[in-house]
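Protein chains: 2
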Amino acid sequence: MLQAALADGTAHRRCVFEVFTRRLPPGRRYGVLAGTGRVLEQLAAFRFGTPELDWLADAHVVDDATLEYLAGYRFTGDVVGYAEGEVFFPQSPVLVVEGTFAEAVLLETLVLSVLNYDSAVASAASRMTSAAVGRPCLEMGARRAHEDAAVAAARAAVVAGFAGTSNLEAGRRYGLATIGTAAHAFTLLHDDEEAAFASQVRSQGAGTTLLVDTYDVRRGVERALAAAGTALGAVRLDSGDLAVQAQEVRAQLDAAGAHDTQIVVTSDLDEYAIAALAVAPVDSYGVGTSLVTGSGAPTCGMVYKLVAREGASGAMEPVAKASRSKTSVGGRKGAARRLGADGRAVEEVLVVGSDDEVARWTRHRHHTTEDGLRALHVPLVVDGEVMPGLTAAEGVRAATARHAASRDELPRGARRLSADEAAVPTVELPLA
Amino acid sequence: MLQAALADGTAHRRCVFEVFTRRLPPGRRYGVLAGTGRVLEQLAAFRFGTPELDWLADAHVVDDATLEYLAGYRFTGDVVGYAEGEVFFPQSPVLVVEGTFAEAVLLETLVLSVLNYDSAVASAASRMTSAAVGRPCLEMGARRAHEDAAVAAARAAVVAGFAGTSNLEAGRRYGLATIGTAAHAFTLLHDDEEAAFASQVRSQGAGTTLLVDTYDVRRGVERALAAAGTALGAVRLDSGDLAVQAQEVRAQLDAAGAHDTQIVVTSDLDEYAIAALAVAPVDSYGVGTSLVTGSGAPTCGMVYKLVAREGASGAMEPVAKASRSKTSVGGRKGAARRLGADGRAVEEVLVVGSDDEVARWTRHRHHTTEDGLRALHVPLVVDGEVMPGLTAAEGVRAATARHAASRDELPRGARRLSADEAAVPTVELPLA
Chain A
1 MLQAALADGT AHRRCVFEVF TRRLPPGRRY GVLAGTGRVL EQLAAFRFGT PELDWLADAH
61 VVDDATLEYL AGYRFTGDVV GYAEGEVFFP QSPVLVVEGT FAEAVLLETL VLSVLNYDSA
121 VASAASRMTS AAVGRPCLEM GARRAHEDAA VAAARAAVVA GFAGTSNLEA GRRYGLATIG
181 TAAHAFTLLH DDEEAAFASQ VRSQGAGTTL LVDTYDVRRG VERALAAAGT ALGAVRLDSG
241 DLAVQAQEVR AQLDAAGAHD TQIVVTSDLD EYAIAALAVA PVDSYGVGTS LVTGSGAPTC
301 GMVYKLVARE GASGAMEPVA KASRSKTSVG GRKGAARRLG ADGRAVEEVL VVGSDDEVAR
361 WTRHRHHTTE DGLRALHVPL VVDGEVMPGL TAAEGVRAAT ARHAASRDEL PRGARRLSAD
421 EAAVPTVELP LA
Chain B
1 MLQAALADGT AHRRCVFEVF TRRLPPGRRY GVLAGTGRVL EQLAAFRFGT PELDWLADAH
61 VVDDATLEYL AGYRFTGDVV GYAEGEVFFP QSPVLVVEGT FAEAVLLETL VLSVLNYDSA
121 VASAASRMTS AAVGRPCLEM GARRAHEDAA VAAARAAVVA GFAGTSNLEA GRRYGLATIG
181 TAAHAFTLLH DDEEAAFASQ VRSQGAGTTL LVDTYDVRRG VERALAAAGT ALGAVRLDSG
241 DLAVQAQEVR AQLDAAGAHD TQIVVTSDLD EYAIAALAVA PVDSYGVGTS LVTGSGAPTC
301 GMVYKLVARE GASGAMEPVA KASRSKTSVG GRKGAARRLG ADGRAVEEVL VVGSDDEVAR
361 WTRHRHHTTE DGLRALHVPL VVDGEVMPGL TAAEGVRAAT ARHAASRDEL PRGARRLSAD
421 EAAVPTVELP LA
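Sequence lines, in order, name chains A and B.
The numbering of the first sequence is the numbering used here, which starts it at 1 and goes up by one.
The numbering of the second sequence is the numbering used here, which starts it at 1 and goes up by one.
No lab work stands behind these hints, which were simulated from the structure alone.
For every residue, glycine included, the Cβ atom is placed at its ideal position computed from N, Cα and C.
Be aware that one or more of the hints could be misleading.
[What the hints assert, rightly or not] To be clear about the criterion: a stretch of chain A counts as covered by chain B if any three or more of its residues have a C-beta under 8 Å from a C-beta of chain B, and this derived list gives those stretches:
(1) 109-115
(2) 183-196
(3) 199-205
[What the hints assert, rightly or not] Label pairs and their in silico Cβ distance ranges:
(4) PRO430(A) x ALA251(B): 54 to 64 Å
(5) PRO388(B) x ASP58(A): 20 to 30 Å
(6) GLY340(B) x GLY205(A): 51 to 61 Å
All chains should be built: construct the whole structure from the sequences, respecting the hints.
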């Protein structure tokens with residue numbers, strides 16, 4: 001595409017690409033945008049190096065003119081989008097990329113890969129933290145996702161309210177709180193459970209979390225208390241009927257005077273299992289597989305569509321594919337959430353009009369709420385420069401706060417787990 | 001775990017960890033091991049650098065003795081495993097890692113992350129290439145997976161028989177065949193479809209693949225033929241009822257004399273959609289979302305379990321968690337596939353016995369078939385050195401060949417898509 005467009009001159013036409021999803025996963029009521037900070041980190045560094053250019057040349061993938069273009073590639077356009085952590089609905093234009101065709105089309109795979117995965121994880125994570133009703137959720141899924149995806153998953157989970165992660169690399173990279181417990185292998189390594197617990201307490205202090213289900217839970221708890229006393233931080237249960245076991249272990253701990261010793265549960269938890277444990281005496285949830293695989297929806301289905309481009313006359317023109325099954329609305333869209341008198345979301349509003357009008361409306365309304373419309377697009381990249389505060393640990397902190405506020409703004413009932421339509425309808429608001 | 005084990009001396013106990021899955025995804029009849037080459041590439045380079053060590057120190061994650069151990073970390077143990085591309089069943093010990101506890105436990109997350117994701121993709125891909133019955137499948141899922149997972153997915157798809165990938169980075173890294181077609185954006189960028197097609201044919205030659213469903217398929221095909229003539233390489237259909245459209249387009253192409261122009265279909269294909277198109281005049285399938293998300297099973301559920309370790313006496317002892325719901329067989333296992341008289345698999349055989357006996361059996365039987373038992377464990381790492389031929393492009397080529405042979409060896413009916421039990425049972429064979 002790039003080679004042909006460079007040759008015919010259209011590569012330099014100004015273009016607007018929008019990122020949106022046509023539908024939410026079945027039964028889901030909202031999605032959570034995550035990954036924007038990661039997109040921006042990579043966009044700022046997006047270059048074609050010598051190994052890549054040499055391979056493209058040797059494999060005859062593109063011609064010399066295209067290689068030359070790629071060697072000098074740098075995104076110099078603009079990006080606006082929903083703030084990371086914001087909830088979204090079908091058709092929500094969560095990211096709008098504006099630049100020449102050549103500049104913008106090269107970002108498609110990067111943008112979609114990051115947003116589709118990170119948002120899938122955050123969307124599942126938000127349901128889990130809702131179901132946990134204030135009890136901490138801990139991310140422990142590194143082993144069930146690609147090794148780098150796992151780092152992104154930990155970050156996305158924290159955006160959606162997870163309290164910490166066992167992924168140390170994610171902690172290092174994004175300033176996340178890290179946690180950890182021992183595995184069964186640690187107990188099995190030792191000659192007996194007593195030796196394993198004693199060693200762990202010596203190394204980590206009585207505040208550590210001891211895994212008590214390697215052999216027999218009741219005796220495991222006895223040995224844990226023998227090793228750490230009533231100052232024991234927590235015990236972890238990783239198998240069996242967690243609700244029943246948590247009751248029994250709580251009673252056993254209380255009977256021994258270990259009222260402050262907490263109970264952490266793990267073992268293929270998802271949002272439904274977490275909800276089912278709401279009445280059990282559980283203090284925190286460790287979640288792995290279902291989190292990092294989006295709990296049944298491992299990708300978001302976001303697409304990156306050309307919605308407007310400079311025509312032969314130099315004016316911006318709306319464009320859209322005309323097929324029946326994949327309808328897309330042409331033209332640049334602004335975005336706002338209409339809030340009711342109680343401050344809760346009523347509608348997702350797509351602001352439509354001429355390209356100039358919508359662009360002006362978006363610039364004017366960045367970050368503001370007027371007439372019950374909270375504008376959703378914030379500037380992310382201006383003339384190729386990434387705006388400050390959106391990346392690394394700072395970006396994650398802001399996104400976590402944004403998600404909490406955005407989720408609180410949803411209509412009552414929007415957070416229930418049972419299958420239903422999108423929590424608010426998506427409507428169009430013509431500017432003219 | 002590492003810190004406590006270093007402090008109490010057990011970190012230096014010799015250990016055997018096995019990687020296996022307790023069950024296949026619901027209805028699946030076999031799994032496909034992929035990612036071994038990637039594990040070995042990363043294992044050879046697995047070190048803790050200054051940024052990681054500084055962060056671990058600053059965040060007080062581990063003590064000074066542990067930091068010192070990590071700074072000098074290098075895996076010096078042994079790994080055997082199923083050849084990459086081999087099919088596997090519940091309990092198949094696809095990888096066996098032997099080393100000190102400290103050495104081996106640090107590899108858990110790396111090994112599982114890679115194998116769980118890559119094998120999930122390859123397991124789905126194998127069903128797709130089976131369903132395609134010889135027609136090429138093309139990997140196009142980069143935008144629906146984490147940006148680095150996407151590269152691994154392309155590699156895993158090729159291991160399981162995919163003919164090529166649109167992921168250029170995967171092509172560069174692993175020597176995979178790369179393919180590509182234009183997106184709707186390329187057509188929409190131009191003033192009309194004629195201009196877009198003419199530009200693409202000028203740039204790529206008549207052998208290119210033109211996307212004909214941006215506006216109207218029939219007129220799209222007319223314009224494609226007008227631009228490229230009957231030498232047109234292929235047309236791509238990406239929406240609508242693909243079976244009906246493929247019939248219509250084939251008739252239209254044939255009527256125009258374009259008998260050699262192929263039809264590529266894409267649009268949320270999975271193994272079932274591919275099977276449903278078996279009688280349609282389709283020449284190749286482009287598969288995205290369902291491939292890179294494992295077609296409903298986005299992770300394999302493989303675990304990394306300590307099965308034997310040096311005891312206080314210095315002898316190796318089998319160990320296993322004793323919980324009811326997660327039964328694991330303790331002790332090192334050898335592995336073989338029992339073949340019937342027709343050369344087809346009959347049983348997955350776990351060879352059990354004392355640690356020495358099994359280790360000796362495994363060493364003796366590497367790569368051989370005797371008495372109807374095809375030994376499955378091959379040496380991957382010896383004294384910390386990765387065996388040659390297993391990584392990069394060479395490793396992928398070998399894995400692709402291995403998968404084709406291994407799948408051909410399955411019992412008749414094992415490749416059907418409908419839900420059923422594992423294609424062969426897993427049994428134990430005591431050596432004594």
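> Holds or violated: 54 to 64 Å for the Cβ distance of PRO430(A) and ALA251(B)?
Replying inline: violated, 43 Å
>> If I claimed the Cβ atoms of GLY340(B) and GLY205(A) lie 51 to 61 Å apart, would that claim hold in this structure?
In response: Given about 58 Å between the Cβ atoms, the range holds.
> Between PRO388(B) and ASP58(A), does the beta-carbon spacing fit 20 to 30 Å?
Replying inline: Given a distance of about 24 Å, which is inside 20 to 30 Å, the answer is holds.
> Are there three or more residues in the segment 199-205 of chain A whose C-beta lies within less than 8 Å of some C-beta in chain B?
Replying inline: holds (count 5)
> Checking C-beta pairs, does the segment 109-115 of chain A have three or more residues closer than 8 Å to chain B?
Replying inline: It holds: at least three residues are needed, and the segment 109-115 of chain A offers 5 whose Cβ sits within less than 8 Å of chain B.
> Mind checking, does the segment 183-196 of chain A have 3 or more residues with a CB under 8 Å from chain B?
Replying inline: Our answer is that it holds, as 9 residues pass the Cβ test (under 8 Å) against chain B, meeting three.
When each numbered hint is compared with the structure, a violation occurs for hint 4 only.
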